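S.K.: Chain A is already provided as a structure; the job is to place chain B on it using the hints.
Protein chains in written order, with the numbering used here: chain A, 291 to 764; chain B, 1352 to 2208.
Keep in mind the hints are simulated off the structure, nothing from the lab. Among the hints, erroneous ones may be present.
Said to hold, decoys possible - Using 30 Å as the maximum straight-line C-alpha spacing, the simulated DSBU-like pairs for lysine-lysine come out as follows: (1) B:Lys-1419 / A:Lys-719; (2) A:Lys-719 / B:Lys-1468; (3) B:Lys-1898 / A:Lys-385; (4) B:Lys-1466 / A:Lys-688; (5) A:Lys-576 / A:Lys-661; (6) A:Lys-688 / B:Lys-1898; (7) B:Lys-1817 / B:Lys-1665; (8) B:Lys-1525 / B:Lys-1545; (9) B:Lys-1763 / B:Lys-1817; (10) A:Lys-385 / B:Lys-1757; (11) B:Lys-1419 / B:Lys-1466; (12) B:Lys-1409 / A:Lys-719; (13) A:Lys-761 / B:Lys-1458.
All of these numbers come straight from a predicted model, not from anything done at the bench.
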Amino acid sequence: MSTNRPFDCSQVQPLVLTRRDMLKGAGAGFGYLAFAGLCAEAAAPYQSPLLPKAPHFTPKAKRIIFLAMQGGPSHLDTFDYKPKLITDAGKAGDKGKLVAPVAEFKQRGQSGLWISDAFSKVAEHADDICLLRGMTTDIPNHPQAFVQMHTGSARFVRPSMGAWTLYGLGTENQNLPGFITIAAPVALGGAQNYGSAFLPASFQGTRIDQPAGNASAKPAKGNAAMATEGIGNIRNPRLSEKAQREQLDLVQSMNRDLLTGGANPEVEGVIQSYELAFRMQAEIPKVMDFRKESAATLQSYGIGGGPTEGFGKQCLMARRFAEAGVRFIEVCHQGWDHHNGLKTRLNGSSAAVDQPIAALLADLKRRDMLKDTLVIWGGEFGRTPTNGSADGRGHNAKGYTMWMAGGGVKGGYSHGATDDHGGTAVEDKTHVHDMHATALHLLGLDHEKLTYRYAGRDFRLTDVHGHVAQKVIA
Amino acid sequence: MMNRPATLGACLTIAAAFVVSVSLRAADKLLPSETITPDQLAFFEKRIRPVLAAKCYKCHSAEAEKVKGGLLLDTRDGIRLGGATGHAVEPGDLKGSLLIAALRGEKKDLLMPPKEKLPPEVIADFEKWILMGAPDPRDGKPKLAKKPDASEGKNFWAFQPVQPVSVPKVNDSKWPASDIDRFVLAKLEQNKLKPVADADAHTLIRRLYFDLLGIPPTPAEVDAFVRESHGTHASTRSYEALVDRLLASPQFGERWGRHWLDVARYAESSGKERNYLYTQAWRYRDYVIDAINADKPYDQFIREQVAGDLLPAKNAAERNERLIATGFLAMGPKGFNERNREQFVMDNVDEQIDVTTRAVMAVTVSCARCHDHKFDPISTKDYYAVAGIFKSTDIYYGTGDGAAGKNRQPGKLLPLAKDASFKEVKPASAVPAASTPQAEPEAIKPSLLTPQQEAQLAKLAQGNPKLAERLRSLTPEQKALALARFQGGAGAAKAAKAGKGAKKATRAVESPGERTELGDGERVIMGVLDGRVADCPIYVRGELQEKGPVIPRGFVAVLNPSGSVQQIPASQSGRLELAQWLTSPQNPLTARVMANRVWLHLFGEGIVASADNFGATGDRPTHPELLDFLAGRLVANQWSVKKLVREVVLSRTYRLSAAHDTKNFATDPDNSLYWRANQRRLDAESIRDAVLAVSGRLDLEPPRSSPVTALGDMDIGRNRNAVLKADSRKRSVYLPIVRDMVPDVLDLFDFAEPSLVVANRDVTTVPSQALFMLNSPFIHENSTALAKRVQTAASDDRARITSAYLTALSRPPTPVELARGESYLKKLSAEPGCSPETAWTTFCQAFIASAEFRYIK
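In isolation and in its complexed conformation, chain A is listed as follows (with noise of 0.2 Å):
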């Protein structure tokens, strides 16, 4: 009946459930010893499509902090020091005159390695940071290139980078969404960024818009243009918790009333998602509540007013999800498209993001957390040398720079180039499919054998393409 093809029951963990856990709640607790005693006869147990599961081999990385920057954030005044476009500035370049930096460029930490004051906080995590410098991809406009960010296609519905890693990996804390994605556009490809395709809906985001202390989490695919049903699901506005708890009883002990007469996997599995959810009710709201965060971590984060309020808030939310064990995290910041007033749009843009990243590199850090977690950060693409027609910088797919951090890759290590003025990758060039094999592999998995059978083809995040960029693994 289930249609849960993909998984392979050998590498699906046995589900772990403590003696507590069976008794905090009742209707689980019964249901799950007696589903348990007709284990035996079951051909098949239900299994949560989300249960952890065993990576290809050991990985570096246990989870991703996607740091997503729409619009094409420009490298060559942040992150790709050209030193040659400063002196070249004013002469023509490809379709326009050549624009120097807007920031000052300086070599940061132990490694030197050189990063502008656009990013002085992040700056001085240098020696954490591994900066690919070769990046490319195929086309540049927003909407194919931000999907094909997430996808790997501009030209087909794929699965998200998300869904196939929760394919791949399950997640650990089951009271919670194991990918979920903060801020995410509704342009631009919208829901297919953090859709599952053709893979079981369970692997998609789940979004969450407001980046206030108490947001309100709704399954992926809504949309907030849209009157829909399943916006709040996560709180019953009209029911104490006891009176919630009696009724879910009441409904346990009817689905209990169909386990007479042989194994049942799937009302076994309603069941148990009925538990999961009372307790996720119970979660979702505690991590999303920032009071017991400390004052000089709020302010760390840039909390408390001024332009890093709202990403701090959604960097210290993406903490909180890692920590508590949600396996793909993705916070969007949009409005990286500088064609014009680079120098006051660019230092706009960064003074937004630059203490909440720093802060948040430094809070997984303290925490022990950065050697375990993947953070990447970048846009759909970078930016050009040249102007343009007005004073800023036009779209660039040939080359620019993401950087990735902790989750086992080299720190304070730069790998790939763009030619003298930045325009084009020219050195080790690290594709968004290779960034996708690289992350994947990072996480244990092998992205050529991360596939799944969808009509008739075995199919993967990186297609047919991808190679995993090894220099950048510590």
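M.R.: Only chain B this time, still in chain A's reference frame:
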């Protein structure tokens, strides 16, 4: 270009390894064989072949363990066509021959053989050879490394014609109610299993209602059926009457139409990076529902969707119906941000090939577009022969006029034909009588033009026989478009004076759909018309810059070895012939695929489990003879889907209970032999419709429009103020299906992803579903309504509880359940802040939330 008739053997050499497994008669031979002089042959054999064999075949031949770069150098076709980076050899052109650049090591990453530059004299030989025209005696098709087993391909079950099957003998002759049962029982007996008892009347009526209508029976209907059935098990007569009543219900089409909409990837927006609304897509949805309700023969249903615009029609209504049917080809996901028109067109062509081959035949052809690893030029040729058909077709989808430059590929809609402007016209010669066996001989085509306009149009083609022929083949819509195109645009008169009229007339008639404005008629139809008819070149590895040879339009013939293959007229796209071929009784897949889907929707599992993949990588049928029996019945009954559904649900196999049996379970735990009924979860629509139905709030009146239409033409992804109303109480099939914005109530319960062809929906069980049942306003509203209903239905709690069971679960409660209900209501009413109404609401909500509500046994 030589055309050879299709030969089965030629194709089957590749059949086994690929899902594609098809070949085209017209494209059978890509490159003409060449005359080679003895001297040239000697040169090749002495100087070229040995080097290729020694230095290149290891990675670039059928013998290679892993073919590198998709390049095969062991045949003439392979070496000319090239691999990932382009043509290896262009006869007479050193610059265009990448092989030379590779041998010379001209490019950084491209020295061949790797790390070994061959001696200059060897390179000189290759240059000489290419300059003499690269004479190459190596006929044959480039083959993959793993040689497919021809005999396996030939015998592959799905490509065999559907054969008449004899009904097997069974030992227990009393059990079967029909031949279907004999097929099932024979297998059970072989495995020493016995079917369990029949389902009781309560279970059976609930199962049948959800399977045929997608809504639960009312308590009164249950009661009547149970009484008629005289006891626990349904009597045959009352059951047959019930089946016939449900098949005749308009709700049948709403449920079974939705099954088709899953594979037709029906949606009301473009999806992808810009999400433009398809404001008129709902007409196609209604066409499908109406067609199922009218029991339109399945073959005709397919023909209308693939080539409705090319079929004759008796009147304007029929004409419109058939045009709307072609919306099937028009409503795929589209990338409106694509700058390159040709890329946009080829992406749509790809999508059309994919949906047509998978929805109708459950085989995947579209992977032959690029074939990165499994490079196979023959299947690529197949692909581009079919691609030519769709490339010769214009799509009308009506999105975005390009305002603000956001929609780079705006498109128009087609006009509705009206009876008033209707002039009887002789059938166009374009419809070959032989190719439309089902076509009504009296059929005529309605005209959208006045006789004067017709005359005007005829004048355009005077003195140009080719143009006149093309004009005759135009559909009414195309004629209107052609005239408008000719007359439209600034300076039309000037152009005529300057003698440019002829050129303009030619352009207008050849491709009427481009840049035109229509006069009469409401433009409301999404659909397709033939456009500029042309064959399509191979795009090597799907890259537009890499054009290969032009492939004559054709269609898959290997699956139809004995059937007659229609010639595609030069003036038409070939969709009509494609449609005829798809629905030919000799096509081995079409009937099997549909019969399998009927089985899937009634048993929860197809006889072929991979219902959208009958290819080599798909599953094999568990009951191949039964599948052929059902496919045969479908064709024999004039492709009546209702008759097939009827035959299946009247079987005793369908009527089995879901009872457990230890012995059977030990042998067949998956129930693949059908010793009992499968417990199945309701699909998303049925869950929502059932919630509304039991609360008494389901509005069964079809809307005949969509909230999407009310929003109008826009990119909804970028329009934050747009509110898509998904809160109606109509049946779920009428909810707006906007790509990437599927209503949560459907999305949560594994609705078919509307950007993909989905024959088999997933069934997942996750906490977000539970949260929806516990906390969502939708469930709360309907629980409240259900509570009011049962409270007013009776005055005492026991009767009310009974009413709740009958309404929500189609059965009376047991004494234990009655007691449990009473105790719950008492307990909850004692909670602080809980009124009796609240207690009843939460009680009723528990029914909706229960597994029993969601599963049919």
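S.K.: Now, for every hint given, state plainly whether the structure supports it.
M.R.: Now the hints, each set against the structure:
1. B:Lys-1419 / A:Lys-719: holds, 21 Å
2. A:Lys-719 / B:Lys-1468: holds, 26 Å
3. B:Lys-1898 / A:Lys-385: holds, 29 Å
4. B:Lys-1466 / A:Lys-688: holds, 28 Å
5. A:Lys-576 / A:Lys-661: Cα-Cα ~25 Å, so holds.
6. A:Lys-688 / B:Lys-1898: The hint holds at about 24 Å.
7. B:Lys-1817 / B:Lys-1665: holds, 28 Å
8. B:Lys-1525 / B:Lys-1545: Holds, at about 13 Å.
9. B:Lys-1763 / B:Lys-1817: The given pair, whose Cα atoms are some 28 Å apart, holds under the 30 Å limit.
10. A:Lys-385 / B:Lys-1757: OK: Lys-385 of chain A and Lys-1757 of chain B at ~23 Å, within 30 Å.
11. B:Lys-1419 / B:Lys-1466: Distance of about 15 Å is within 30 Å: holds.
12. B:Lys-1409 / A:Lys-719: Judged against 30 Å, a Cα distance of about 28 Å means the pair holds.
13. A:Lys-761 / B:Lys-1458: holds, 25 Å
The structure shown violates none of the earlier numbered hints.
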